[in-house]
Amino acid sequence: MKILYSLLAVSISIAFAWVGTASGGLHYLFGVVFPAVAVFLFLFGIVYRVVRWARSPVPFHITTTCGQQKSLDWIKSSPLDNPSSTLGVIGRMALEVFFFRSLFRNTKMELKNGGKLVYGSAKYLWLAGLVFHWSFLIIVLRHFRFFLEPTPVFVGVLQNLDGFFQVGVPVLFMSDILILGALSFLFFRRIVTPQLRYISLISDYFPLLLIIAIAATGVLMRYFLKTDLVAVKQLMLGLFSVSPIVPEAISPLFYIHLFLVSVLLAYFPASKLVHMAGIFLSPTRNLSNNSRMKRHINPWNAPVKVHTYEEWEDEFRELIKGAGIPLEKE
Amino acid sequence: MYDAGKIITGLILFLVLFTAPIWVNLASGTSAKRPDIKLPIEEKECVAATAYMKASHMDLIYEWRELVVREELRAYHSPAGKEYEMSLTKTCLSCHSNKAEFCDRCHNYVAVSPYCWDCHTEPKEGL
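Chains as they are written, first to last, in the working numbering: chain A, 1 to 330; chain B, 331 to 457.
No wet-lab data here; the hints were simulated from the structure.
Using N, Cα and C, we set each Cβ at its ideal position, and we do this for glycine too.
Treat the hints loosely; a few may be bogus.
Partial pick of chain A residues on the chain B-facing surface, computed with a CB cut under 8 Å [as the list claims (entries may be wrong)]:
no., residue
1, Val33
2, Pro57
3, Phe60
4, His61
5, Leu141
6, Val219
7, Arg222
8, Gly238
Calculated lysine-lysine pairs in the DSS-like style (CA-CA distance at most 27 Å, straight line) [unchecked claim]:
no., chain 1, residue 1, chain 2, residue 2
9, B, Lys336, A, Lys294
10, A, Lys226, B, Lys429
11, A, Lys272, B, Lys336
12, B, Lys363, A, Lys226
13, A, Lys226, B, Lys374
14, B, Lys384, B, Lys374
15, B, Lys363, A, Lys112
16, B, Lys420, A, Lys226
17, B, Lys420, B, Lys374
18, B, Lys363, B, Lys429
19, A, Lys226, B, Lys368
20, B, Lys336, A, Lys226
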C-alpha cells in the first residue's frame, strides 16, 4: 500500500508535467515558475530547519563513543572514533560525510541452526549508499554544463572520467549505471527484507522512487529520446541568470525531468532527505568526548541556594573555637 | 540560537554554494543566447529534418559508422527521397565545411566533446 501510494505520487507528478507541457502549453509554468518556487522552498526550508535545530540546547556532550577514550598517556586512545579535540571531531565528521563510516559498522542479526543467534557484518547498505550518494554528486556537478556559460573546466574533467570507456554516442556515463543500480538495490532491499518492509514508510519509498524517476528520465533523455540540448541550456541559463526564457522545441520528457527535480527540491527540507544538513548538526557526531576534562554545566539548571562549609565556619567561628573543635581556617 | 557563529557561517556557506551559478552568471552578464552557427550557403536541405538533426544527429552518424564499417553499406536514402553516401567527411563535411563555426559552437556550448575527431581529421578552412 505504501509502495503503491509512493508510486502513485511519482506517476501523478510525471503525468502532470507531461499533460501540462505536451498538450497544455504550460511551458512557462513547468520551465520557470515551478523550478523557481522549488529552489526558493529548498533554500528557505533548509535554513528554517537548521535554525530550528540550532535553537535546541545541547548542554552536554553526548557523543557516541566507538573507541577508547583519551585518558592516561600510556593508554592508546582512538582520536577518530572517540575524539577529544576539535581536530578529531573534524576528522570524524569528514569521514562520516564522505565515507559514511558509521554505516560501515552496520551489522545484521540472524537465527541459524535451530535458533542460534548469529551477528555478522552487513556492508551492502553502506556500499549501495556510498555508490548512490557519490554518483548523485557527480551527476549534479556534471549538470553544471547547463548552468554556466562558458562551462567550467571541472565539468569536462568529470565527463572524461565518467565516460572513460567511450561506449556509444553520446558516451555512456558510469555514474548513470551506478546510480540506477544502487537505487534499485536500496529500493528492493526495503521490499525483500521482511523486517525492513515492516518499518518502511511512504517517506522512505517516495524519495527513492522519485530519485529513480529523475535518474531514469535523465538516462532516457541522454541515450534514447533526445531533445534539443542547446534549447535546454538556454532555458537553464535563463533560470540561473534570473532572466527566464522558454525556448521552443524542448520535449515534454525534459519538462517531466525538470518537474520531478522541482518536486524533489521542494520536498527536500520537509523530508528525511534533509539529513544533508542534519548530519552536520548531529550531537552524537559533532561533539568531542571531553566530559572528563571539561565541566559542562547545564545552562537552565535552577539556581540552588547553597551554604558552604566555609560560610558555616565563619558563622559559628567563636562557638567552635570556644568548644575546642579544630577549625579549617584559624 | 546556540553556537550562532558556527550555524550562521554554515548557512551562509550553504546559501552561497547552492546559489553560486546565479551569482556567477549575474556577475559575468551571461545571457541565454543561442550560439551562432554558420549554416551552409548553397545547400538548403540536410539528410534529415532540422528538428531531428538538432537532437539526434549523433545517432545518425553512429548508425552510419556501424553500417559502413561492419556491413559495408554506403548508400543512405533520406526521408526526402534523396540518396547520400554515408560518410562524415564526404557528406556531412562537404556542406558543413567549417567545424569551428558549425560543430564546435554548439558542442562547446553544451560541453560535448565527441570522439569523432580522434580518428577523423578536421577539415581545413576552405578545403
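Going through the hints against the structure:
Checking valine 33/A against chain B: minimum C-beta separation of about 17 Å lies over 8 Å; hint violated. Annotation: interface hint on proline 57/A holds; nearest CB of chain B at approximately 6 Å, less than 8 Å. Hint on phenylalanine 60/A is violated. Least Cβ distance to chain B is approximately 13 Å, over the 8 Å limit. The closest approach between the C-beta of histidine 61/A and any C-beta of chain B is roughly 13 Å, which is over the 8 Å cut-off, so the hint fails.
At its closest, the beta carbon of leucine 141/A sits 11 Å from a beta carbon of chain B; the interface hint therefore is violated under the 8 Å criterion. Proximity of valine 219/A to chain B is violated relative to the hint, the smallest CB-CB distance being about 15 Å (cut-off 8 Å). Interface restraint check: arginine 222/A against chain B, minimum CB-CB distance 11 Å, threshold 8 Å, status violated. Contact between glycine 238/A and chain B, as hinted, is supported at the beta carbon level, the nearest pair being about 4 Å apart and thus within 8 Å.
The straight-line distance between the Cα atoms of lysine 336/B and lysine 294/A is roughly 20 Å, inside the 27 Å bound, and the hint therefore holds. Pair hint lysine 226/A plus lysine 429/B holds up; C-alpha atoms about 22 Å apart against a cutoff of 27 Å. Our distance criterion of 27 Å between C-alpha atoms is met by lysine 272/A and lysine 336/B, whose separation comes to about 23 Å. Taking the CA atoms of lysine 363/B and lysine 226/A, the gap is near 21 Å; set against the 27 Å cutoff, the hint holds.
A C-alpha spacing of about 24 Å is found between lysine 226/A and lysine 374/B, which places the hinted pair at or below 27 Å, so the restraint holds. About 15 Å separates the Cα atoms of lysine 384/B and lysine 374/B, which keeps this hinted pair within 27 Å; it holds. Distance check on the hinted pair: lysine 363/B and lysine 112/A sit about 66 Å apart at the alpha-carbon level, beyond 27 Å; violated. Restraint check for lysine 420/B and lysine 226/A: satisfied, since their Cα atoms lie roughly 26 Å apart, inside the 27 Å limit.
With a C-alpha separation of about 17 Å, the suggested pair lysine 420/B and lysine 374/B falls inside the 27 Å cut-off, and the hint holds. Note on lysine 363/B and lysine 429/B: the hinted pairing holds, with a Cα-Cα distance of about 20 Å set against a maximum of 27 Å. Restraint check: the Cα-Cα separation between lysine 226/A and lysine 368/B comes to about 23 Å, which is no more than 27 Å; the hinted pair holds. Between lysine 336/B and lysine 226/A, the direct Cα distance comes to roughly 45 Å. Violation of the 27 Å bound is thereby established for this hinted pair.
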